[in-house]
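Q: Residue numbers (our numbering), protein chains in the order written: chain A, 1 to 333; chain B, 1 to 500.
Derived from the structure by calculation, the hints contain no laboratory data.
A couple of the hints might just be wrong.
[Claimed, not checked] Calculated lysine to aspartate or glutamate pairs in the DMTMM-like style (CA-CA distance at most 25 Å, straight line):
(1) A:323 - B:197
(2) A:323 - A:173
(3) A:323 - B:183
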Amino acid sequence: MTKPLFTQLAIAIGSIAVAGGAFADYPERNIQGTIQWGAGGATDNVVRSLTPHVEEVLDTTIVLTNRAGGTGVIGMNHVMRQRPDGYNLLFGAENPQLYPLMGLAEFTYDDMHPINIIGQGLVVIATHPESEFDTFAELLEYAHENPGELKMGGTGAGGLPSTIHAMINSVDDLDVRTVTFGGDGPGVTALLGEHIDFMPLSLSAVAEQIRAGRLKGLAVLGSEELADLPGVPPITDAIPELESFLPWGPFWGVFVHEDTPDDVKATLEDAYEQAVASDGFQEFLTNFGGESLNLNGEEAQQYLDNWQSVTAWSMFEADAVEKSPEELGIPRP
Amino acid sequence: MSDTFSYLLMAWLDPGLLGLTALGVLAGIYVGAIPGLSVTMAVSILISFTFSWEINNALALMVGIYVGGVYGGSRTAILLNIPGAPSAVTTAFDGYPLALKGEAGKAIGLSTVMSVIGGLIGVLVLALTAPHLADLALQFAPRDYFLIAVMGLLLVSSLSGKSLARGIFSVALGATIGLVGMDMVTAQPRLTMGSMELLGGIHYVVVMIGLFGVAEAFYQLHNMAKVPVKQNVDKIVPPLNMVLKFLPLSIRTSIIGVVVGALPGTGGDIASLFAYDHAKRSVKNPEVPFGEGAYEGLVAPESANNAAVGGAYVPMLTLGMPGDAVTAVMIGALVIHGLNPGPMLMIETPYMFWFTVGNLALANIFLLFFGLTGIKLFTKIVEVPKAIMIPLILVLCVVGTYSLNSSMTEVYWMLGFGILGYWLKMFGFQMGPIILGVILGPLLDESYRQAMSSVGDSSVDFLLGLVVNPLSLVLTSVIVLVLLGNTPLKGWLYSRFKRR
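This is chain A alone, in the form it adopts within the complex (with noise of 0.2 Å):
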């Protein structure tokens, strides 16, 4: 009769061991991460610098996958439909804080748990050197005077010009033609080419046009000169009442399933924090233009929030989007 009992017996110690030590020994096998922007891209490349240091320190190996398509929804969607294990990782944009706004899906970042907020991209609004405007007053200026005239690059709606746009609107008249691009890449193009007047950028991707005089800066979006571009006036030069949405920028995240247990939580953000703070990122980051934030948690969240919040009223308020943030529960900044 006691074999059996101690067989029994044996057979629960060893499956609390198994089930114990399966989280214990997170991670312990590969990482999936999924990209939410395409190869190449911005989220991309802060993502593939990035990436190495995690694996570092949480000695194990991440493989990343580019799954593009629908400002991201592919992507997110993809990552929230896998086991809650914290194997699976979405590295994304800002994007999906106004998914439900833009009526591209119902879903935000609010049913992911944020792991980093990792930086945020400095934005520039940027023009050709042979444009007669040196300052965005100076545009502006003309802009009021001959509505309709001057042409925006533009990546979309929801894309960071439209967003800008709308945030100018809601305080200020700016009436433009805008024309449309694939992304950042193909708007800069048409720049240098001059076959449109201006176009608002993150600065990852005109930094080096500026330096080498082939697009000038026309003003950045925040409320002070940047160490790295002198002599580029700060918006609220132009239209001070901005000022009351700064600081504001694309940002770059990593998430994991709601549903994730603790102390794999832990662990990953843990080894974020440690991963965005070594010199290595650090020194990328900074050349890339992007500001460093590193956060987790509480920190997280708010940022997330007041991000959502800010982004979503202002479109509201410049008639960029039909549905009102209210019915959707996001309170007013």
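For chain A, the structure is supplied; the task is to place chain B on it using the hints.
A: For chain B alone, coordinates are given in the frame of chain A:
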């Protein structure tokens, strides 16, 4: 000057770089030959892999893969009628008929030599004219891309085979497929039927693998009993007089390739289509008709797509702007390695330009070597019994599609296009025009809307723009001449002139 030479020879003299370039080319040929495995993907994986390497080593490997991969697409196009990449679609038109005649070895040999010639011409143009060519490329406004897309639509007459009506139907079908997904301007779903998976559109490689791979495999089931042709592998290296005979065509199509490749909005796939069309129009009496195994039909696209590699590097090295998807990823690699790809790259790190030029030339030499060896083994593929080959092809198609975006939805779409393609084949439709439509549809849509919004949605200003700007006027004139030359109007005009 001596600096330039030392940079140019860097990759040639360093055994490590030499080895990595060779490895890259060899790996690239296989990556390129398998439909679905793309050079873009291989290079992005290499970025993480080579993170801690020295930048030159990483670049040497990537350049090798790029050059090998663009060529590799022709292998399966010739042997199995399944292009390994979109830029090899036209290679299959005459390459596969040659394989059916038992001349696969000769076809691969010729396409290797012509790829290398095209590649070297691309490098030469890159080395000599990069800053000027980049400035020319910047002159292309959205309006001009629209004109290029319209010119591309006219290629339908060269790709449709016997029935032009069927060809036009196929282009329209392809263009519609190309429009599925999120609208670029409004971000609204278009033709997605509410499916979230379709928001990103249908990748044109998915369409290609279905229409060429699966449809071809099904079609071959009709000839199960047919004994495969014994391949003649005695003469693989094309004789000098043959190379010399096709050299002028190769040079002309290489120029097309390098210019189309240098335009940031177009790449090797469109270049090879234009090149095939050019060959068909300029070679009046080929020894064998086009579509039945004309050597000219191999020479043109193979020269052009490899020349486009040199072209794609033009905006990348001079402006820091990508010429195609692969150079976009390479720019990312430079950023991650702490370099600043942009207009200052040539001034601050002058070695980078000449190192790349030298490395590209080296990769092409390796391509000649690797391309001409192992052909005998490769041609055996055609002699494998169908009962083994067809299931293998189907497996490869599924694996290749899945590896694109790790999406099962795309695998289902690919199989769906396979069945559709099989039916279309049964009714005498050609697959080429569908791919033409899929590639050109989004370009037409994008460029037309950009051009219209640039002029404030005024049709008058838009039409005026087509003739006022000198560059646009040239493109418009070409379109008008092609249209006049291909319609009954030509005869009418001709007789009018004669009467006078």
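Q: Work down the list of hints and note, for each, if the structure agrees.
A: Status of each hint after checking the structure:
1. A:323 - B:197: 24 Å, holds
2. A:323 - A:173: 21 Å, holds
3. A:323 - B:183: Holds: residue 323 (chain A) and residue 183 (chain B) sit about 19 Å apart, inside 25 Å.
Consistency with the previously given hints is maintained throughout, with no hint failing.
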